[in-house]
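Given only the sequences and the hints, what does the whole structure look like? Please build it.
Protein chains: 6
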Amino acid sequence: LKAVLKLGGFAFPPGLSAKDLGPYVKIIRNFSKRNALTVVTGGGPTARTYIAAARELGATEAVCDRIGIEVSRLNAKLLCSGLGSAAVSDIPKDLEELVRCAASQRVVVTGGFQPGQSTNAVAALAAEAVQADIFVNATSVDGVYTSDPRKDPAAKKLDEVTPDEMARILSGEGFGAGEYALMDPLAVRIIKRSRIPVTITNGREPSNIDKALRGKRVGTRIVPLRR
Amino acid sequence: LKAVLKLGGFAFPPGLSAKDLGPYVKIIRNFSKRNALTVVTGGGPTARTYIAAARELGATEAVCDRIGIEVSRLNAKLLCSGLGSAAVSDIPKDLEELVRCAASQRVVVTGGFQPGQSTNAVAALAAEAVQADIFVNATSVDGVYTSDPRKDPAAKKLDEVTPDEMARILSGEGFGAGEYALMDPLAVRIIKRSRIPVTITNGREPSNIDKALRGKRVGTRIVPLRR
Amino acid sequence: LKAVLKLGGFAFPPGLSAKDLGPYVKIIRNFSKRNALTVVTGGGPTARTYIAAARELGATEAVCDRIGIEVSRLNAKLLCSGLGSAAVSDIPKDLEELVRCAASQRVVVTGGFQPGQSTNAVAALAAEAVQADIFVNATSVDGVYTSDPRKDPAAKKLDEVTPDEMARILSGEGFGAGEYALMDPLAVRIIKRSRIPVTITNGREPSNIDKALRGKRVGTRIVPLRR
Amino acid sequence: LKAVLKLGGFAFPPGLSAKDLGPYVKIIRNFSKRNALTVVTGGGPTARTYIAAARELGATEAVCDRIGIEVSRLNAKLLCSGLGSAAVSDIPKDLEELVRCAASQRVVVTGGFQPGQSTNAVAALAAEAVQADIFVNATSVDGVYTSDPRKDPAAKKLDEVTPDEMARILSGEGFGAGEYALMDPLAVRIIKRSRIPVTITNGREPSNIDKALRGKRVGTRIVPLRR
Amino acid sequence: LKAVLKLGGFAFPPGLSAKDLGPYVKIIRNFSKRNALTVVTGGGPTARTYIAAARELGATEAVCDRIGIEVSRLNAKLLCSGLGSAAVSDIPKDLEELVRCAASQRVVVTGGFQPGQSTNAVAALAAEAVQADIFVNATSVDGVYTSDPRKDPAAKKLDEVTPDEMARILSGEGFGAGEYALMDPLAVRIIKRSRIPVTITNGREPSNIDKALRGKRVGTRIVPLRR
Amino acid sequence: LKAVLKLGGFAFPPGLSAKDLGPYVKIIRNFSKRNALTVVTGGGPTARTYIAAARELGATEAVCDRIGIEVSRLNAKLLCSGLGSAAVSDIPKDLEELVRCAASQRVVVTGGFQPGQSTNAVAALAAEAVQADIFVNATSVDGVYTSDPRKDPAAKKLDEVTPDEMARILSGEGFGAGEYALMDPLAVRIIKRSRIPVTITNGREPSNIDKALRGKRVGTRIVPLRR
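Protein chains in written order, with this note's numbering: chain A, 2 to 228; chain B, 2 to 228; chain C, 2 to 228; chain D, 2 to 228; chain E, 2 to 228; chain F, 2 to 228.
It cannot be assumed that every hint is accurate.
To give an idea of the chain F side of the interface with chain E (calculated C-beta under 10 Å), a few residues [to be verified]:
#1 G16
#2 D21
#3 L22
#4 V26
#5 R56
#6 R67
#7 R74
#8 N76
#9 C81
#10 D160
#11 V224
#12 L226
When the alpha-carbon atoms are kept at most 16 Å apart in a straight line, the in silico EDC-like pairs for lysine to aspartate or glutamate are as follows [as the list claims (entries may be wrong)]:
#13 F:K217 with F:E161
#14 B:K27 with C:E206
#15 E:K212 with E:D134
#16 E:K27 with F:D143
Since the hints were made in silico from the structure, they are not lab data. We put the beta carbon where it would ideally sit given N, CA and C, even for glycine.
Laid out in structure tokens, this is it:
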């Protein structure tokens with residue numbers, strides 16, 4: 002099985018310790034024994050802190066994006082450090098490097114690539130490039146809702162969505178550096194054009210990730226067409 | 002003045018010769034004497050031919066995108082070859098290289114950067130990163146229409162659009178490698194978030210480019226807010 | 002068996018499609034199942050078109066060479082896209098990268114390297130560096146003739162030539178960018194100094210390539226010494 | 002004047018904002034108007050947090066050092082983002098890149114280089130390589146003491162020390178990743194061999210940095226020989 | 002077994018020939034059949050000659066160090082050339098490249114990395130990064146003495162030393178480019194912090210290296226603690 | 002004036018010192034005050050020693066060439082170290098880097114680029130790429146002779162030769178790594194195709210170089226056509 006896991010920035014809280022990351026390291030190590038795996042890490046709160054400071058210091062949005070990328074790469078390096086020889090030691094900086102690293106059959110851990118792309122888009126591009134059988138997007142929410150559950154008490158979690166439905170739900174969201182949505186439009190388009198099977202799940206509960214990687218139903222699936 | 006020019010793939014037809022490119026070279030040379038200029042070239046028909054062949058040979062969309070990028074970079078190198086010492090000799094491969102090259106005060110010519118990004122998005126990112134005063138998108142159409150003028154005889158050309166209107170007009174367009182629209186969603190989002198002043202003009206008439214670079218009204222302007 | 006195949010630019014005609022390349026892809030895939038293979042692609046008509054435009058725009062011969070190299074690399078990327086995971090995803094940019102890629106045991110596809118070197122020379126350098134057992138030069142002619150068969154009706158095809166004879170036959174040919182001969186002097190010198198076994202064959206008939214790679218007599222052989 | 006400023010990790014506290022960095026940005030901008038300046042940033046508390054997590058996850062000290070380097074480079078990028086076009090946009094990754102960037106006459110900001118080297122050593126190497134007239138080490142202490150003032154109430158601050166005295170005072174300090182001393186032995190040796198004029202000052206008071214850069218007496222000077 | 006061998010510059014005398022290196026090549030080839038091996042080569046007399054010339058021409062110590070690094074890398078390339086396909090063809094330029102190359106299971110040969118680091122320090126860093134079971138430092142002396150045996154007839158060779166004793170013995174040695182001691186302070190600190198098992202042996206007798214790699218007692222061992 | 006100087010390996014004898022290089026450093030510094038200059042250094046006796054050892058150890062000719070390139074680059078670094086801030090600190094590794102460095106208006110020093118190319122060819126390529134007004138080839142002989150003056154007492158020095166005559170005189174010379182002739186065929190072809198004005202002079206007398214750079218007649222000129 003070839004899998005891509007997006008591990009959201011929630012896994013890298015301020016003042017993080019080995020306790021925060023340990024459970025993810027264990028799941029990744031286990032899964033990678035028999036499967037090819039690429040992990041893309043988000044930037045999380047540290048990225049938001051640094052980006053806010055940069056923006057206030059007068060940085061362009063392009064530079065703010067770059068700073069967010071650096072934090073996501075730092076998170077990737079930290080996760081990688083816990084995987085030892087199970088992972089490639091390099092953190093790929095673009096899709097070509099990622100494909101090169103993925104040829105080694107060891108876990109590849111990466112962060113963001115380029116300004117204008119969220120780490121969700123990076124994960125979608127990676128899934129397309131390595132022809133992944135499954136792309137698990139581990140976020141801090143339970144799945145895709147009909148509307149924002151924090152604002153709308155009538156919001157309903159969906160078991161399945163198509164990329165087009167996903168795009169409609171997401172339209173209108175912000176796009177400042179570091180504020181990328183659950184799944185940005187670029188990610189949605191990549192998923193659609195290459196019909197990538199995606200599961201969006203709540204990664205705060207690590208076992209969800211393991212389940213989703215192994216094809217179990219947890220959260221919301223993105224399916225090419227509604228049945 | 003700092004300007005970014007997207008020169009669409011139409012300027013690089015199959016069997017191209019110096020006659021096709023000469024007028025653009027001249028305009029660029031002239032404009033760059035007093036202004037900082039970054040030019041982003043599209044892939045055009047050659048890109049579409051190579052991409053179609055790759056897709057039929059079984060390539061992933063990510064690889065097809067990469068091939069389109071290589072053609073756009075080849076076009077960039079050709080354009081650059083006509084600019085001599087007025088241009089930086091390198092064709093930047095990502096935004097960081099572009100910013101580095103732009104610091105030289107000579108013309109920078111570049112093509113695509115990464116899979117998932119059209120050359121329009123590259124141009125928008127470049128405009129954001131160098132803090133351009135004007136971004137001219139030289140395409141093969143006269144501007145933005147209310148609907149596709151090739152299909153709808155009632156389509157009306159717009160003098161101004163906001164990024165949000167632009168996004169609405171473009172929604173529903175294709176996204177296969179090499180089929181990127183007039184202005185893809187990523188480009189629109191970058192333009193919106195950094196309030197970049199854009200002119201979309203018909204570059205088949207080279208003088209339009211010169212006019213647009215010098216701030217004259219030709220084609221459609223993208224404005225942060227409707228007046 | 003370790004082999005190097007130079008696939009001439011004839012295989013990449015203007016308006017190319019998967020039909021043009023399919024037969025070569027098939028032969029390469031088959032041969033590479035049991036053998037190590039490096040393929041070097043030429044630039045062909047697209048290179049000549051771009052070079053002519055550049056030269057007319059005032060580019061130096063060094064830049065013209067560079068543009069030819071970019072086209073040959075584009076052709077390499079296209080061929081590579083048809084080989085999927087049978088090939089290394091990177092297109093090496095110099096001999097060191099090529100040797101590194103070749104260590105992976107998968108097919109390596111490359112184009113030109115540096116101004117002043119034809120892709121024939123690149124193929125000869127590759128054959129020397131990987132210590133190839135056979136170097137097949139697939140061209141658009143049937144082999145080496147005593148003189149140019151297009152001009153001299155008495156020209157006779159040779160079954161074998163030595164590098165020195167080859168050099169004599171080729172002397173007096175042009176050397177503008179993109180006009181490199183069947184086998185340029187640098188290629189001949191490399192072949193001579195490392196006694197590389199070469200077969201020059203007509204690649205327009207794909208089966209010739211398969212035969213030549215498998216050691217059968219098709220076209221002309223370059224042999225260290227005349228028997 | 003050519004100067005190198007080491008800005009210790011204290012300037013990048015957890016939850017940092019533009020307020021923390023603003024005063025340093027202002028001093029650097031001002032000083033760089035008439036002088037060549039290289040700034041080396043430390044990793045600080047964020048580095049220590051990430052390193053502790055990595056170590057607990059089983060990383061080697063070499064990888065821990067690498068993670069500290071990444072944080073220091075992130076800090077460099079943030080500081081750089083506040084300097085706009087006054088600074089080179091790239092964060093050099095080794096001494097050769099640093100020297101190349103320094104040739105541009107704009108401010109160069111960098112973090113760590115290689116495992117085994119503290120950012121103090123990087124700053125000393127930078128000062129040697131660019132032949133700096135002054136190397137200001139802005140730390141979180143007031144200068145060099147005869148012994149550790151946190152442990153020994155009789156510790157006395159020194160106005161001047163020689164590199165050899167410095168080495169003696171520092172001997173016996175720890176050397177885990179992220180725990181590098183005020184000035185590590187490598188930094189001291191570089192300072193000694195190239196007789197680099199150093200001022201160690203308390204950077205928590207930003208004006209000290211300005212004074213030290215302008216040659217005023219604040220903190221402790223390292224002088225080749227005791228007068 | 003994972004081993005790191007530092008092969009001192011003594012193995013690369015002026016006017017060197019295959020006879021000088023042959024015995025080392027043989028030992029390395031043999032040992033690497035069953036073990037992972039990284040070899041770090043010193044610069045030796047050629048480095049000292051070039052550095053002396055550079056210094057007299059006015060070069061900074063940083064540039065002198067760089068020149069010494071280039072010579073050590075040249076020596077690495079030469080040694081590598083004798084190992085054929087048993088070794089990785091690239092000479093890593095930093096620790097990240099070294100770790101990447103070491104993942105290939107073939108011998109990795111490298112020289113110096115960065116100014117300020119001796120090749121002994123590089124070897125210690127390599128041993129730490131690849132988690133070597135043994136680090137053999139093949140020098141031109143028989144081991145560690147209580148004092149300099151060339152100056153002090155009462156000097157006694159030690160069978161074992163701790164890193165701290167080693168540091169004490171070495172203190173006071175020079176540090177100009179190319180004059181690095183038997184084991185510089187950085188190397189000693191790395192060995193200490195990661196408790197790397199080291200044997201210092203006289204490499205002029207090649208069989209000592211083979212013995213030391215295989216865990217036999219030849220020369221002086223550096224042990225974490227005195228027994 | 003734009004000039005390219007090839008400084009043959011004779012300037013870097015075994016056991017070299019600042020005395021050997023000083024006169025060349027002085028001439029280069031002086032000339033570069035008002036002119037753009039690229040210097041290409043040969044490998045000389047040190048290259049030949051290392052190559053002979055590598056060949057005897059079983060290296061391919063490609064690797065032998067690579068070793069020769071490394072020595073020529075080491076010589077370039079040494080020469081560069083004497084030029085201080087008058088020269089670009091980087092030693093370009095290929096033609097694209099060279100062109101980039103040459104844009105800085107400071108002296109660029111480089112060695113070899115790629116296997117199969119002598120440093121004479123590199124110098125010719127550099128002269129073509131930077132559109133040099135003069136290419137001075139400083140060798141250890143007085144110029145081009147009708148035949149080898151060491152073997153033929155009737156050999157006559159020529160004041161002028163055409164590239165074709167040069168090619169004829171040189172034909173039959175060896176081509177092992179490190180044994181490249183006065184001017185190899187590739188260099189001759191580049192000179193011919195771009196009509197580069199060349200002076201071949203005896204660089205053992207440093208003043209000849211100064212004269213040749215300033216357009217005076219010393220040695221043999223290569224002229225496009227015989228008058």
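Hints and how they fare:
| no. | hint | in the structure |
| --- | --- | --- |
| 1 | G16 | 6 Å, holds |
| 2 | D21 | 8 Å, holds |
| 3 | L22 | 6 Å, holds |
| 4 | V26 | 6 Å, holds |
| 5 | R56 | 8 Å, holds |
| 6 | R67 | 7 Å, holds |
| 7 | R74 | 7 Å, holds |
| 8 | N76 | 9 Å, holds |
| 9 | C81 | 8 Å, holds |
| 10 | D160 | 35 Å, violated |
| 11 | V224 | 36 Å, violated |
| 12 | L226 | 42 Å, violated |
| 13 | F:K217 with F:E161 | 13 Å, holds |
| 14 | B:K27 with C:E206 | 45 Å, violated |
| 15 | E:K212 with E:D134 | 15 Å, holds |
| 16 | E:K27 with F:D143 | 45 Å, violated |
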